[in-house]
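Using the sequences provided together with the hints, build the complete structure.
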Amino acid sequence: MRIVGALWFRNLKIFARNRVQLVFTIIMPFFFLYVFSAVFKTPGIDDPVNFMLAGITITTVFQTALTIASSTIDDIVSGFMKEVLVSPVKRIQIAAGQLLSAATISTLQGIIILIIGYFIGLQFSNLITPFLAIISMVAVGLVFSGLGLFLAALVKNSQTFQIVGAAITMPLTFLSGAYLPLSLLPSILKGFAYFNPMTYTTAFFRTIILEKTSLTAEQLVKNELAFKIGNFIITPPISMLIVLIFGVIFMMLATIVFTKVDFSKINRSNSKENDIFQ
Amino acid sequence: MNNIIEVKDFVKKYGNFTAVDHVSFEVEEGSVFSFLGPNGAGKSTTINTLCTIFDKTSGTLLIDGKDVTHKKDEVRSVIGVVFQDPTLDNKMTVYENMKMHCYFYNVPKGEIEQRIDFALGIVDLKEWKKSMVSSLSGGMKRRVEIARSLLHYPKVLFLDEPTTGLDPQTRAHIWDYIVKLQKEKNITIFLTTHYMDEAEISNKGAIMDAGKIVALDTPHGLTKQYTRDKAHIRTTDMLGLETKLMERGFHYKKREEYYSVVVDDLPALMDLISERKETITELEIKKGTLNDVFLEITGKDIRE
Chain L
1 MRIVGALWFR
11 NLKIFARNRV
21 QLVFTIIMPF
31 FFLYVFSAVF
41 KTPGIDDPVN
51 FMLAGITITT
61 VFQTALTIAS
71 STIDDIVSGF
81 MKEVLVSPVK
91 RIQIAAGQLL
101 SAATISTLQG
111 IIILIIGYFI
121 GLQFSNLITP
131 FLAIISMVAV
141 GLVFSGLGLF
151 LAALVKNSQT
161 FQIVGAAITM
171 PLTFLSGAYL
181 PLSLLPSILK
191 GFAYFNPMTY
201 TTAFFRTIIL
211 EKTSLTAEQL
221 VKNELAFKIG
231 NFIITPPISM
241 LIVLIFGVIF
251 MMLATIVFTK
261 VDFSKINRSN
271 SKENDIFQ
Chain H
279 MNNIIEVKDF
289 VKKYGNFTAV
299 DHVSFEVEEG
309 SVFSFLGPNG
319 AGKSTTINTL
329 CTIFDKTSGT
339 LLIDGKDVTH
349 KKDEVRSVIG
359 VVFQDPTLDN
369 KMTVYENMKM
379 HCYFYNVPKG
389 EIEQRIDFAL
399 GIVDLKEWKK
409 SMVSSLSGGM
419 KRRVEIARSL
429 LHYPKVLFLD
439 EPTTGLDPQT
449 RAHIWDYIVK
459 LQKEKNITIF
469 LTTHYMDEAE
479 ISNKGAIMDA
489 GKIVALDTPH
499 GLTKQYTRDK
509 AHIRTTDMLG
519 LETKLMERGF
529 HYKKREEYYS
539 VVVDDLPALM
549 DLISERKETI
559 TELEIKKGTL
569 NDVFLEITGK
579 DIRE
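Top line first, the protein sequences correspond to chains L and H. If you count by the working numbering, then the first sequence holds residues 1 to 278, one letter each, in order. If you count by the working numbering, then the second sequence holds residues 279 to 582, one letter each, in order.
Simulated from the structure, these hints should not be mistaken for lab results. No experiment lies behind these values; they were computed from the predicted model shown. Heads up, a few of these hints could be off.
[As the list claims (entries may be wrong)] In silico DSS-like links for lysine-lysine, alpha-carbon gap of 27 Å or less:
#, chain 1, residue 1, chain 2, residue 2
1, H, Lys344, L, Lys260
2, H, Lys387, L, Lys260
3, L, Lys90, H, Lys565
4, H, Lys377, L, Lys90
5, L, Lys156, H, Lys408
6, L, Lys156, H, Lys490
7, H, Lys419, L, Lys90
8, H, Lys344, L, Lys90
9, H, Lys349, H, Lys490
10, H, Lys404, L, Lys260
11, L, Lys90, H, Lys349
12, L, Lys13, H, Lys408
13, L, Lys13, H, Lys344
14, L, Lys90, H, Lys350
15, L, Lys13, H, Lys433
16, H, Lys490, L, Lys90
17, L, Lys13, H, Lys377
[Stated by the list, open to error] Partial chain L-side listing against chain H, Cβ under 7 Å, derived:
#, residue
18, Arg2
19, Ile3
20, Ala6
21, Thr25
22, Ile27
23, Gly79
24, Phe80
25, Lys82
26, Glu218
Ideal Cβ positions, reconstructed from N, Cα and C, are used throughout, including at glycine.
What follows is the structure, encoded as structure tokens:
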């Protein structure tokens with residue numbers, strides 16, 4: 001446990017030390033808020049500020065978690081993982097430290113957005129809502145850092161990860177209903193959206209932020225907080241369950257791949273180039 | 279003295295290719311053991327298997343009496359490894375790197391600070407404790423790595439080409455630290471190097487070629503067995519010396535400005551030299567080096 005804690009703290013420190021990254025992590029949500037402020041004024045949505053903020057917050061948590069988990073690649077390339085390899089540390093401990101720190105950073109970012117949101121009109125009537133929101137963000141952070149770690153351990157190269165990461169976050173974000181209502185999508189894409197873990201993540205997180213846990217199923221479907229597939233209605237609690245199942249799958253994949261990676265054979269061409277100048 | 283490392287009939291195959299072929303050797307506790315061989319001889323495979331990174335195909339490898347395949351974690355806690363490529367965490371300070379290592383090896387909490395100071399003291403880097411690793415020079419990073427590998431008091435320290443790419447002065451310093459360590463802490467040092475002069479300080483050396491150990495002895499024993507001393511003689515009377523050398527059956531070679539004579543029979547050579555002392559301008563006895571041994575055995579230069 002001490003090792004997981006130390007690794008978690010190390011990753012947070014490294015994140016905080018990278019000033020540019022830190023500044024942009026804080027600034028980025030402002031861009032989203034600015035761009036989507038136009039949507040806030042759209043008539044027809046109840047409580048437009050909460051509606052949009054929920055989407056922005058949860059997609060940011062998702063994207064940050066996925067990206068931060070990829071810092072594992074830097075560790076592999078820098079040789080740090082090789083040190084771990086000959087020490088009595090279990091690889092699962094390394095993976096746990098990585099996942100927890102990615103979830104922490106993404107949750108903090110989500111909290112920043114919610115705080116900014118407070119100044120532009122985000123309001124909760126129930127005191128428990130912020131806590132539920134934070135717990136959900138941690139969970140979502142863990143789920144998608146699992147996906148991030150899985151991809152990172154699979155591609156083992158920062159550049160490749162950027163491409164793969166973008167190729168995954170874009171469709172997952174825009175086919176989730178977070179920014180664009182699913183009802184606007186053509187039916188083929190809607191079909192895709194039902195296989196997207198982010199669709200369910202957005203739905204249950206939005207339900208929490210909009211404090212609409214007490215609505216009837218029909219009302220939820222109308223508000224796009226629940227989905228009717230055939231005769232079956234996926235309510236927010238079921239959405240949450242689906243996300244958690246995805247999470248378990250991602251975590252398992254991540255740990256399996258991460259414990260199997262042969263770190264001693266990683267192509268370290270970047271560091272070899274630097275040798276010329278030594 | 280008991281053996282801290284014991285390797286018996288170690289075989290490692292990659293598909294049909296046999297990288298290491300029935301290798302056996304022992305390393306005494308507290309000694310410096312150097313492992314030499316051209317690239318591709320199987321020495322990295324052997325070292326990686328001893329360090330628990332690779333799995334063997336067959337044979338027995340024991341470190342401190344523990345099997346490296348079946349008791350990986352126990353073996354890992356008694357070995358320290360300094361790899362050829364740097365493995366420091368560049369984004370952290372020297373101190374943070376060392377502390378993380380202490381966590382990895384379960385160093386008792388109360389001892390961490392004191393051990394870090396001690397290890398940094400050995401490599402003279404105490405005043406760099408708070409610096410970012412990325413700001414250190416190549417030689418300093420190596421020293422940090424050596425210091426770090428000592429934090430958990432390993433019984434065996436594996437050094438895989440610890441001084442490659444460093445300037446001669448830094449190399450000499452690092453060797454001072456290593457020898458100091460071995461003497462003070464009685465740590466067994468298992469070393470691979472490309473610099474043959476570095477291997478001379480070891481108590482025993484093994485030369486590996488094509489997956490087999492072809493020679494195993496003390497550096498002195500190796501040079502004695504595989505090389506012969508040569509006398510380089512410069513003279514004002516080249517022809518006169520050559521005639522005498524031929525007459526008395528010496529093995530010699532004529533170089534541009536001197537004769538290189540194999541010293542098989544030292545008294546006979548001394549007689550010849552004293553007879554011709556007026557004409558001899560320079561005499562130099564060349565001892566055989568490990569590099570010569572290496573060339574003799576493998577037919578390859580080690581730097582290849």
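Per the CB criterion, is Lys82/L less than 7 Å away from chain H? Status holds, d = 5 Å.
Regarding the pair Lys13/L and Lys344/H, is the alpha-carbon distance no greater than 27 Å? Violated, because 38 Å separates the two Cα atoms, which is more than 27 Å.
Within a Cα-Cα threshold of 27 Å, do Lys13/L and Lys408/H meet the stated pairing? holds, 15 Å
Please verify whether Lys419/H and Lys90/L have alpha carbons no more than 27 Å apart. The given pair, whose Cα atoms are some 26 Å apart, holds under the 27 Å limit.
Going by Cβ atoms only, is Phe80/L closer than 7 Å to chain H? holds, 5 Å
Taking 27 Å as the top limit, are the C-alpha atoms of Lys156/L and Lys490/H close enough? With Cα atoms ~34 Å apart, Lys156/L and Lys490/H exceed 27 Å; violated.
Please verify whether Lys13/L and Lys433/H have alpha carbons no more than 27 Å apart. Distance of about 33 Å is beyond 27 Å: violated.
Decide if the proposed pair is consistent with the structure: Lys90/L and Lys350/H, CA atoms, cutoff 27 Å inclusive. Satisfied, since the Cα-Cα distance of roughly 11 Å is no more than 27 Å.
Close enough to count: is the Cβ of Ile3/L nearer than 7 Å to one in chain H? holds, 5 Å
Just to be careful, I want the Cα atoms of Lys90/L and Lys565/H compared with a cutoff of 27 Å; is the pair within it? violated, 50 Å
Would you check the hint for Lys349/H and Lys490/H, treating anything up to 27 Å between C-alpha atoms as holding? holds, 26 Å
Proposed proximity, Lys349/H with Lys90/L (alpha carbon, max 27 Å): holds, 14 Å
Of the numbered hints stated above, those contradicted by the structure are hints 2, 3, 5, 6, 10, 13, 15, 16, 21, 22, 26, listed in ascending order.
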